[in-house]
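Novice: Next come the chains, spelled out residue by residue.
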Amino acid sequence: MAAASTTATAAGEERRGIPAASFVEDVQTYLTQSGLDVNASLSLLQERLQQYKIVEMKLLAQQRDLQAKIPDIEKCLDIVATLQSKKGSGEPLITDYEVSEGIYSRARIEEADSVCLWLGANVMLEYSCDEANALLKKNLENAKASLEVLVTDLQFLRDQETITQVTIARVYNWDVHQRRMKEAMKDT
Amino acid sequence: MQQGEGTEAQVTWEDQQNINKFGRLNNRFHELEEEIKLAKEANESLEDAGNELILSDEDVVRFQVGEIFTHMPKDEVESRLETMKEEADKKLERLEEEKESILAQMTELKKILYGKFKDAINLEED
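As given, the protein sequences belong to chains A and B, one line each in that order. Heads up: the first sequence is residues 5 to 192, going by this note's numbering. Heads up: the second sequence is residues 2 to 127, going by this note's numbering.
Accuracy of the hints is not assured; some may be wrong.
Reference listing, derived: stretches of chain A covered by chain B, where coverage requires no fewer than 3 residues with Cβ under 8 Å from a Cβ of chain B [what the hints assert, rightly or not]:
no., region
1, 21-32
2, 42-50
3, 145-152
4, 166-172
FYI, nobody ran anything at the bench for these hints, they're computed from the structure. Cβ coordinates follow ideal geometry from the N, Cα and C atoms, glycine included.
Modelling step: build the complete structure from the supplied sequences, incorporating the hints.
Specialist: Dropping the structure here:
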């Protein structure tokens with residue numbers, strides 16, 4: 005992305021690998037400075053727009069993953085809390101759980117001192133209820149923080165897309181305007 | 002593309018920022034509509050659950066926590082359901098408020114942008 009346009013005002017630096025789209029103050033100056041004709045300039049801008057779109061797809065996929073992960077962690081916290089609340093009462097926790105799709109069985113969970121947490125990569129570790137709570141809460145916070153950063157990234161990216169789209173429209177309209185003026189001059 | 006006169010107003014950096022802001026608000030608006038729809042459905046489910054509970058005469062109810070159904074005494078389920086309903090209502094209220102605020106901001110921006118660019122710009126849903 006080398007086209008240097010010194011008429012562009014600073015649109016902010018790149019953000020986490022996403023280059024900022026430079027804002028064009030004046031189309032005429034922009035075209036002269038970059039040495040490109042209208043069609044070449046439009047292709048370049050379109051190409052940049054496509055690249056932004058590709059990154060957007062990637063970020064959206066990451067966002068979907070995180071948005072699915074957060075309720076899962078909350079459910080786990082819920083279960084640990086339920087187990088802990090039953091601890092003092094002396095009664096076992098009776099629950100129905102899914103053995104296979106559509107098939108359920110009953111389980112009786114006595115004093116639950118510990119739980120096993122699935123850490124991913126085929127690894128499951130046993131934790132005390134308190135440790136499990138702490139770990140799950142930390143994971144939840146991390147997930148929420150990552151999601152926030154991601155959302156800001158997406159906003160930045162979409163701003164750059166909008167800037168590029170507006171620039172494309174302005175270059176195109178400028179071209180139309182130029183042609184019209186030339187036609188008008190010919191007719192006089 | 003518009004068949005404009007060709008003498009449109011120049012786009013300044015401030016205009017660009019307004020356009021960007023409008024885009025962001027519009028995106029958030031659509032996200033909110035989705036979230037509000039889900040929140041309303043969740044509310045309805047909780048309502049239905051509450052009603053079923055009143056109708057049933059069992060003492061022990063199977064209450065879903067995560068992926069399992071724990072056996073819980075009816076009153077505990079009732080109070081849990083109440084808490085969940087309150088939270089769901091509050092959440093829905095928050096979402097609706099955010100939506101109203103965004104709509105107001107979008108209307109403001111539309112005034113500014115249409116004011117300057119008239120029909121050289123289109124800010125409506127297609």
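Novice: Closer than 8 Å Cβ to Cβ for three or more residues is the test here. Does the region 166-172 of chain A pass it with chain B?
Specialist: That given contact holds, which follows from 3 residues of the region 166-172 of chain A lying within Cβ reach (below 8 Å) of chain B.
Novice: For the region 42-50 of chain A, do three or more residues have a beta carbon lying closer than 8 Å to a beta carbon of chain B?
Specialist: violated (count 0)
Novice: Okay, the region 145-152 of chain A and chain B, do three or more residues pass the C-beta test at under 8 Å?
Specialist: n = 0 at 8 Å, threshold three: violated.
Novice: With a cut-off of 8 Å between beta carbons, are at least three residues of the region 21-32 of chain A near chain B?
Specialist: This one holds; 3 residues, not fewer than the three required, reach chain B with a Cβ under 8 Å.
When each numbered hint is compared with the structure, violations occur for hints 2 and 3.
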